[in-house]
Amino acid sequence: MINTERLKELRFKRKMTQIELAAAAGLSQAHYCQIENGKDSPSIKRLALIAKALGCSVKDLVLDTEEEVYA
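In this text, residue positions in the sequence shown follow UniProt numbering: the first is 1, and each later residue adds one.
No lab work stands behind these hints: they were computed from the structure.
Be careful, since some hints might not be right.
Capping the alpha-carbon separation at 20 Å, the derived lysine to aspartate or glutamate pairs in EDC-like fashion look like this [claimed, not checked]:
1. LYS59 / ASP40
2. LYS15 / ASP40
3. LYS8 / ASP40
Computed from a predicted model, the values in this text were never measured in an experiment.
Please build the complete structure, drawing on both the sequences and the hints.
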C-alpha cells in the first residue's frame, strides 16, 4: 500500500530524520522505521499523520509515480 521509496524521498527532501518525522507524526521511532523499511503497513489514520507531518497528501505516499496521480 505505502510506497516506501517515495516516503524516504519526501523525508529526505524535507531534511527530516526518522526520529523527527516519527515525533511529528506521533509515532515511536521504532514503529516509523518499520513502516519506512516496509516491515509494517500503517493504518489509514497513521498514514494520514505521516502525510501531514511531511506536508503532503496520503495519495503522495501510496502511488508509485507522479503520472498515476493524473491517470
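### Task
Sort out whether ASP40 lies within 20 Å of LYS15, counting only the CA atoms.
Given that 20 Å is the threshold and the Cα spacing comes to 23 Å, the pair is violated.
### Query
Are the Cα atoms of LYS59 and ASP40 separated by 20 Å or less?
Holds, because 18 Å separates the two Cα atoms, which is no more than 20 Å.
### Message
Please verify whether LYS8 and ASP40 have alpha carbons no more than 20 Å apart.
### Response
holds (15 Å)
In this structure, only the earlier hint numbered 2 is contradicted, and the remaining ones agree with it.
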